[in-house]
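Chains as they are written, first to last, in the working numbering: chain A, 1 to 561; chain B, 562 to 1077.
Hints listed in this document are in silico derivations from the structure and should not be mistaken for laboratory results.
Certain hints may be false.
[To be verified] Some chain B residues well away from chain A (every beta-carbon gap over 10 Å; in silico):
| # | residue |
| --- | --- |
| 1 | Glu746 |
| 2 | Val752 |
| 3 | Gln795 |
| 4 | Glu858 |
| 5 | His888 |
| 6 | Leu892 |
| 7 | Val907 |
| 8 | Ile940 |
| 9 | Arg1063 |
[Claimed, not checked] Partial list, computed: chain A residues near chain B (C-beta under 10 Å):
| # | residue |
| --- | --- |
| 10 | Arg135 |
| 11 | Gly211 |
| 12 | Gly285 |
| 13 | Leu387 |
No residue lacks a Cβ here, since even glycine has one placed at the ideal position from N, Cα and C.
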Amino acid sequence: MRFAENNRISHRQLFRQIILVFPAPFLLCLFKNGEMLGVNAMAGTILAAVLLSFYVIWLIRLAPAYGELSRMTGNITVRFIGLFFLLYVILSTAFLADLLAKVIPQSLISGISGKWLSLLAVAACSLGTHRGMQRRGRIAEISGGIFLAGILLLMILSAGQGKAEYFLETVEGTGSRFSGKWMIRDVYAFLCVFSGVGLLPFGLEKVEKQGSARKPVILAFLTVCGIVLGMQVLLPAVFGKNRLLAETYPVLPLLDGADLPGNVLARFDVIWMGFLVFGLLFSLGSLFHYGNQIAEKTKLGSGRYWIPAAGWILSFYEKNGAGIETYYGWYLAYIFVPLLLVIQIFFSVENKGRWKKKVVSASLFFFISLMGTGCAAVEPEKRMYPLALGAGVSEEGFVLKYAMPDMNVTTGQEKPEEDPVSVLTLAGENFQEIEEVYNRSQEKFLDLGHLQVVILDESMLTEENRKVFLEYLKQEEHVGEDVYMFRTGMLGEVFRWKGAEESSVGEYLQGIQENRTTGQQKKGVTLREVYHQFYQDGTLPWIPSVWVNGELLEVDYGNGE
Amino acid sequence: MPLASLFLLEKDGETVEEKKISVSLHENESYIRKRCENCDDILIRPMRLGEGHKVDCLMVYIEVAVSNMMLDDSAIGKMINHFWEIPEEKIREFIRRNSLGIADVEELFSMEEVFGAVLSGNAVFFMDGYDRAMKISSKGYPGLDVSEAETEKVLRGSKEGFCDSVKTNAALVRKRIRDTRLKVEQQSIGVRSNTVVQLLYVEDLVHEELLTAVKERLESFTVDGILDSGMLEQLTEEAWYSPFPQFQTTERPDRAAQELLNGKAVLLCDNSPVALVIPGAFNSFMESSEDWYNRFEMTSFLRVLRYLAMAVATLLPGLYLAVIRFHTQILPANLILSFAQAREGVPFSSVVELVFLELSFELIREAGVRIPGALGNAIGIVGGLIIGQAAVEANLVSPVVVIIVALTALGSLAIPNEEFASAFRLLKYGFLFLGGYLGIFGIVLGLYLTAAHLAGLLSFGVPYLVPFVEKNGQAETGGRILRQPFRKRKFRPLYARDDQKRRLRTKPWRQKGKGL
């Protein structure tokens, strides 16, 4: 038959595997706190792409040596080489598991232990990793194209939020001058994170027409480098330099402020995360697959179970506040990459049944895991959806006002209630205490995911108060960054204001901003712009003011017009 | 040479010369037996006629298409009966003088004419020492007594469906592929049931390895009885634990014939109206026979719709739960508020609510299948409308969930193959729990596991995800989600042998663009 099970994959499958493995971890980790951004980093990326292309050609020539490891090195040495690569696989697993444990609770599901989630991910990815190269190739072939298209589409959609001045401030700012020394540092950093490519020869052995695999592999690496380069332009353009310095995972809020035409979805940052998580799962699966293959090839037995287990357990490691993330970077830069090169140079020179039981155990494991995680969901009717949030200063410290919508008006199902205004006012020494008060006194879960406007009392505009408030908003992961900001001298009156038909002050103010033709529209200020300015110099941009004039709620866009 | 005859007479790229009927019956018989090797549905009956039984004769016909009764009752049948009594030397003269006067008899001069007649459902009579054959017309293949395919209804295309008789079913396929290269191999399976099983394939299209694998699997078990093709399917499939069927099933002879022309093999089992098509692949389960008959634009649109239906049938409940329980920010504020208001007063969690309604729908569906005709429709109305409405009014479920379950059900019904759709019906519950307890992360995790499972599945050595995982340059023409125009589908899919790739040859019309 044409599809003989010869455990070999096509060039297309190889290309798509590379496309799936690298982008998600790169996008999440490369740009941490402003790393790998700026002119030097962009030049470094381009140079690294060129170097990688040559390195790949060399690796392809080395592939036959990997196929005869035992014969070339002897029984003892081959085991040491196996341990060297397996250590990389285990540490990479630990790093990715740790990443999943941090990123998912932060941006997808709050309230569930990250370790549980990473355990589930590791367990799911370890299934069937011993079942040959063709299986992995096929997973990549059916999902690689969709993944790449999704990543590119979402990058294009988020490009609409970018601003040239934000990008230029990163490129032209202090410390951003072109420097050979910094560029070389970035090249090496880039090569270190790309060091997974060192496992490529183990895979190349299973590729059809191995000799001509150069083209798809180089093309795949150039595509990944292209994505990284695109992100190096996009991230500064959307966030600005100083905001990036403050963000641990800047790609997470990238789509927080983007809109999809047609109002089908209010936000699609969750979809973006879905793509990234799929990429991370595939990376984990690939590590387990290659790890198992390396263990078998280097006479260390099967690695099906212990590699995932060891990786996951190691992801807990922490000493003096430094976790696996810190040590992993150090390990790549100072141990793995140099030794890998030594080993490859050495090779270069030389070159010249029990189903039922399993199913029951696996099902039991997944069931218990699922039940162990299932405490974070909150039903929609048990949530409170404030559309406007007001912040001010009170005798106790701070005050927060939540304006709830009139459900009947908003859903268009019945006549409006007699008193459509429902405002919850809570005060406390700080915002955390206010949240605690809320949790003590309110039966419903506070869902800030649908916030439309934030109104600041004039008293909140002082340097200290605005800092405290913006930091509080930052840690509220569901607040979108396309929320409009207003200020007022009459916070109480604004929140007590009764509109004729509108369901809340939030919807009313958003309507004033958006329900106008392009010529009529005023320049509103979004939370993203406020963050940008705040991270620049600690100040705030001009924020439109709002006040009650008789029965009308009016907005002054001031000089920002 | 006309285009049509090029195909009829072409074998292995060479044109076969038309063979005349020989005077020697032995020579004729050898030739026919060689051409009809492994065609167990074509009967070749030698006989000796004349006084003293000295004249060798031969009757060739398709068993189901020509009945013995018909042979006896026809004028030529009566004439043949008369041959028992007359001397040998007078038989040939008798035939020459009398046979051409009989309305349902026609003289044939070449073997191609003979096979044309036999494969059209007629009997052909040969006699030693006579260089012609006689076609005895019959009513042809079974037709009106064959019932319509219940589970694969189409708007355009044949209304015939397979029935319980394996021989009739083979004849229905033979009716569509009138070629001796269509082979029908018959065997009995089941120590006590002795069920007749027929393996159909087109000799020069199918891969040898596929036939070997099928025969090997059929011999790999001993069982007391095979009562339906479903039992055969479960005994011969590789990944028995998978919810995805690895054999494509069909009740339509035209679908089976089309798959044979694609290079696949077909298994027919006595007492079963369902044929098994080997190998099965993900994409072929999403196709309908109509896809070949309708225009490519509409077919492409419908195929995209079916894939969307598949996604809806599998993911919608899970996504709904993920969004309303974890990621409310994804929906516009008005929509999530509507959802919240609709759920006010519902005593169960949204997961329980959805599982409850999904199971209720499964119950209605199961009850509807068991109950005959009109009562089945009544069950649908009672279940769907009355119970649904009552459950909403009693605040047992929210109206949104009713819509979700209805859309999910519509999605699963839009998948053309019932066995394939049922795999997604099962997966739906997995995604429902994953989405309900882990949000989008759970959905992504489920998608990864499903993709990994499908990537590992094989059907007789062919990856299940074909043609999405085809190798470079081996793409099936128009065989993915979108269908190409028929005139562009010049090549067979990868199931066929490499030397028989070309399915269609076209040449430009001379009168193109000119009016009458």
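*asked:* Of the numbered hints stated earlier in the document, which are not met by this structure?
replied: 5, 6, 7 and 11
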